[in-house]
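Participant: So you can see what is in the structure, the chains are spelled out below.
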Amino acid sequence: MLCKMIYEGKQKIWSEYQKDIPDDKWYYVRSCIRQNFFPASEKMFTEITRNVLGKDIYETPHHTTCGGIAYHCDTIPQETAMTIVARQFALMTEAGYENYCPSCITSFGNYAEILETWRQYPELEAKIRENLWKACRREFEKPRHLAHSSDLIYHWRNEIAAKARHKLVNAGTGEPLRIVEHIGCHYAKMFPSKGVGGAEYPYVLAGMIESWGGQVVDYPERRHCCGYGFRQYHVKANRSYSLSNTYKKFESMEPFHPDAIVTNCPGCPYFLDRWQYVIAEQMGKTYGENGFGIPVLTYEEMAGLVLGYDPWDLGLQLHQVAVEPLLDKMGVKYDPSAKYLGLNCEDIMRPELPGSIKCF
Amino acid sequence: MKRNIVIIGGGIAGMEAARALLDLGHTPILVEASKMLGGHVAFWHRLFPDMSSAKNLVGRLETEIAGSRILLNTKVLSLNRLADGYSLKLSNGSVVNASVLLISTGFSLFDARKKEEYGYGIYDRVITNSDLEAWFSGKRDARVPDNPESVGFVHCVGSRDLKACNAQCSKVCCATAIKQAIELKECFPYAKVYCFYMDLRFFGKKYEDFYINAQRDYGIRFIRGRVSEVGETIDGRLQLKAEDTLSGKPLKVQLDLLVLMSGIVKNDSIRELADMAGIETDSDGFLRSIDNEYAVIESNRPGIFYAGACTGPKTVPETVAEARSAALAIHSYLEKL
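Each protein sequence line maps, in turn, to chains S and X.
Each number in our numbering corresponds to the 1-based position in the first sequence with 70 added.
Each number in our numbering corresponds to the 1-based position in the second sequence with 142 added.
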């Protein structure tokens, strides 16, 4: 660990926040927004879990949003979100699965909150069952296990490490790469016991980083929100507040010179990535080396790099911050000229590059 | 039955009760689980509000109870109720029959690691009130820097905290924080000292003067607001975030030392003893008195009395007064047998 933290103290806390994660047979639901922000991440999750690890991961095109964004933006009441979620559970039940795995952190928090609410108010669960039946003649079983997809990658982190082509290690110096881990607020801040490692010192991403050879950066604003916060960004007048939160985090992590940031939320990687460009434009400040930003990865992208997938197949060309400095440090081979080629090497043109932050 | 009096717990409540019972002509048996007398006070440096020496108090009591039978390193393994008293099997192998039991098992300090956001056991510069007292008493502690520029105290750590399952006020922490802040200022006059509090409870004689002195004479800064989280900067200092609820603003300060005022919680072993003796515990886990106004020292069982913090958080003067009261009640109970 960077800093002088007492590692044993953290280990004790981590040991108290472990969750039961079955090794196989998961019903997977995608996020509303991740495929637009980081389009290969969810594909890489199914690729790694099914084809590399040989797990049974089922998904259906019939699932919808969980209603979490609308619920957190105060545009739908919780009962509506609950009925949407009940339908999702019905699809899982119909498919013959008992373990539910959302890709989105807000969904994970939404499901956890609803299941806990039903536990405390069974009459509300009965009402939602009635709503669902009236709406679409469906019935459901509640999941036996609920885990976020980052929980599953955490669970299989050592299997991934065993198949690694690259480590989170500077290939030139042999030193571990310094990685900031950023956890989505809805992962464990509402229900610390639902997250691996709890809410204060979550282990879900730290465990991956350690297992894959990197070094976790602990910096003062580690727990702080990325700045997305639905009411901050989605209300246009509040966007500067969103940006100022992100700025606060970068100012706090800057002295630690992180090599990369890894996240497990749909919004966090997007805002930590895109706002670096805005900060560079507004303040002329960049946080990476030599005018670059700090590359921000999803955990699936990081797992993909570790397993040796081509960076452009991982969609890393869609990041605002250039990832090449990280690839070079890891010793990942890539073809710069293929960065902006589309499927089957089709020329889909190059984006206009900003002048304020170095990009390729 | 020989009219034995067994005192369970050798903190200042048990010691003062033993002293008073000796004065009244009895020879109590004092059973203490640890290797020394004095309880928590034995590990404290000075006492508020007069800043008197805790060691002197314990030492004086030790001298004064020399005539009683003291069993250190001794636990009560089992306790049977007899027709006219109680039979105790002790961990030293002996069995003692007693007409009267005085329970003075005191309290435990809240485990500050449970408030994960404050970083006790995680960050090098976070200590508890108990750790600081040990340092004041001369114990070396590498977590206390040589010349701190700024120090923070967090009140109510595990007290009045429903999430920590402790609704009760620990009663002594506000004054203890001020006492420790003053002592620290005496050691490090140039350090900025902050106290983060929910509200301040200075009910005892001279406590309010103590609070005013801390502000006026020592420049200690009081900030009404709970600390939300603690982090560590690259140079090993602490970054503390809180809300100043009087100014309505969030604040962030960097500190060289953070002291957590761990609250008073029920003694870990009290439940087992209560079950054996057939006495009741309260919703806060402490022992239940017959009532909380007139009979705080009396239990629901004949011949079982209480003294000190086994029934709830108490200050030193309250504990001492309660111990004397219990001794008188025991004397009067035995007279009537």
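Hint data in this document are derived by calculation from the structure and do not stem from the laboratory.
Warning: the hint list may mix true and false statements.
As the list claims (entries may be wrong) - Here are the computed lysine to any residue pairs in the SDA-like style, where the Cα-Cα straight-line distance is at most 20 Å:
| # | chain 1 | residue 1 | chain 2 | residue 2 |
| --- | --- | --- | --- | --- |
| 1 | S | Lys89 | X | Lys256 |
| 2 | S | Lys259 | X | Asp351 |
| 3 | X | Lys391 | S | Thr150 |
| 4 | S | Lys318 | X | Gly263 |
| 5 | X | Lys383 | S | Lys82 |
| 6 | X | Lys391 | S | Leu411 |
| 7 | X | Lys305 | S | Trp84 |
| 8 | X | Lys383 | S | Met75 |
| 9 | X | Lys391 | S | Glu291 |
| 10 | X | Lys394 | S | Glu78 |
| 11 | S | Lys318 | X | Asn198 |
| 12 | X | Lys394 | S | Phe261 |
| 13 | X | Lys394 | S | Gln285 |
| 14 | S | Lys259 | X | Glu371 |
| 15 | S | Lys259 | X | Gln396 |
| 16 | S | Lys82 | X | Gly263 |
| 17 | X | Lys305 | S | Met75 |
| 18 | S | Lys318 | X | Cys307 |
| 19 | X | Lys383 | S | Glu78 |
| 20 | X | Lys256 | S | Lys113 |
| 21 | X | Lys256 | S | Met260 |
| 22 | X | Lys305 | S | Met260 |
| 23 | X | Lys256 | S | Tyr311 |
| 24 | S | Lys113 | S | Lys318 |
| 25 | X | Lys394 | S | Pro325 |
| 26 | X | Lys383 | S | Glu291 |
| 27 | X | Lys305 | S | Phe261 |
| 28 | X | Lys394 | S | Asn315 |
| 29 | S | Lys82 | S | Gln285 |
| 30 | S | Lys259 | X | Glu259 |
| 31 | S | Lys318 | X | Thr375 |
| 32 | X | Lys383 | S | Tyr311 |
As the structure is a computational prediction, the values presented were derived from the model and not from experiment.
Participant: Give a verdict on every hint.
Facilitator: Status of each hint after checking the structure:
1. Under the criterion of a C-alpha separation no larger than 20 Å, the hint pairing Lys89(S) with Lys256(X) is consistent with the structure, at around 19 Å.
2. In summary, the hint linking Lys259(S) to Asp351(X) is not supported, as the alpha carbons are separated by about 41 Å, beyond the 20 Å threshold.
3. Taking the CA atoms of Lys391(X) and Thr150(S), the gap is about 36 Å. The hint is violated against a cut of 20 Å.
4. Proposed proximity of Lys318(S) and Gly263(X) is contradicted: the alpha carbons are some 26 Å apart, above 20 Å.
5. For the hint pairing Lys383(X) with Lys82(S), the CA-to-CA distance comes to about 24 Å; that exceeds 20 Å, so the pair is violated.
6. Distance restraint check for Lys391(X) and Leu411(S): the Cα-Cα separation of roughly 50 Å exceeds the 20 Å cut-off, and the hinted pair is therefore not satisfied.
7. This hinted pair checks out: Lys305(X) and Trp84(S) have alpha carbons roughly 19 Å apart, not beyond 20 Å.
8. Simply put, Lys383(X) and Met75(S) have alpha-carbon atoms about 18 Å apart, close enough for the 20 Å limit, and the pair holds.
9. Proposed proximity of Lys391(X) and Glu291(S) is supported: the alpha carbons are some 18 Å apart, at most 20 Å.
10. Of the supplied pair hints, the one linking Lys394(X) and Glu78(S) is violated, its CA atoms being roughly 27 Å apart against a limit of 20 Å.
11. Between Lys318(S) and Asn198(X) the CA atoms are separated by roughly 51 Å; this puts the pair beyond 20 Å, and the hint is violated.
12. Distance restraint check for Lys394(X) and Phe261(S): the Cα-Cα separation of roughly 26 Å exceeds the 20 Å cut-off, and the hinted pair is therefore not satisfied.
13. The straight-line distance between the Cα atoms of Lys394(X) and Gln285(S) is roughly 27 Å, outside the 20 Å bound, and the hint therefore fails.
14. The hinted pair formed by Lys259(S) and Glu371(X) meets the criterion: a straight-line CA distance of about 13 Å does not exceed 20 Å.
15. Taking the CA atoms of Lys259(S) and Gln396(X), the gap is about 24 Å. The hint is violated against a cut of 20 Å.
16. For the suggested pair Lys82(S) and Gly263(X), the alpha carbons sit about 9 Å apart, so the restraint of at most 20 Å is met.
17. Proposed proximity of Lys305(X) and Met75(S) is contradicted: the alpha carbons are some 25 Å apart, above 20 Å.
18. A C-alpha spacing of about 34 Å is found between Lys318(S) and Cys307(X), which places the hinted pair above 20 Å, so the restraint is violated.
19. At roughly 24 Å between alpha-carbon atoms, Lys383(X) and Glu78(S) are farther apart than 20 Å, so this suggested pair is violated.
20. Distance check on the hinted pair: Lys256(X) and Lys113(S) sit about 39 Å apart at the alpha-carbon level, beyond 20 Å; violated.
21. For the proposed pair Lys256(X) and Met260(S), the alpha carbon gap of about 17 Å is at most 20 Å, so the pair holds.
22. A threshold of 20 Å between alpha carbons decides the hint, and for Lys305(X) with Met260(S) the separation of about 13 Å falls inside it, so the pair holds.
23. For the hint pairing Lys256(X) with Tyr311(S), the CA-to-CA distance comes to about 32 Å; that exceeds 20 Å, so the pair is violated.
24. Using a Cα cut-off of 20 Å, the hinted pair Lys113(S) and Lys318(S) is violated, with the two alpha carbons roughly 32 Å apart.
25. Among the hinted pairs, Lys394(X) with Pro325(S) is consistent with the structure: their alpha-carbon atoms are about 18 Å apart, no more than 20 Å.
26. Note on Lys383(X) and Glu291(S): the hinted pairing holds, with a Cα-Cα distance of about 10 Å set against a maximum of 20 Å.
27. Between Lys305(X) and Phe261(S), the direct Cα distance comes to roughly 12 Å. Compliance with the 20 Å bound is thereby established for this hinted pair.
28. With a C-alpha separation of about 14 Å, the suggested pairing of Lys394(X) with Asn315(S) holds against the 20 Å cut-off.
29. Pair hint Lys82(S) plus Gln285(S) holds up; C-alpha atoms about 19 Å apart against a cutoff of 20 Å.
30. For the proposed pair Lys259(S) and Glu259(X), the alpha carbon gap of about 12 Å is at most 20 Å, so the pair holds.
31. Simply put, Lys318(S) and Thr375(X) have alpha-carbon atoms about 14 Å apart, close enough for the 20 Å limit, and the pair holds.
32. About 18 Å separates the Cα atoms of Lys383(X) and Tyr311(S), which keeps this hinted pair within 20 Å; it holds.
Going down the numbered hints, you'll see the structure goes against 2, 3, 4, 5, 6, 10, 11, 12, 13, 15, 17, 18, 19, 20, 23, 24, while the others check out.
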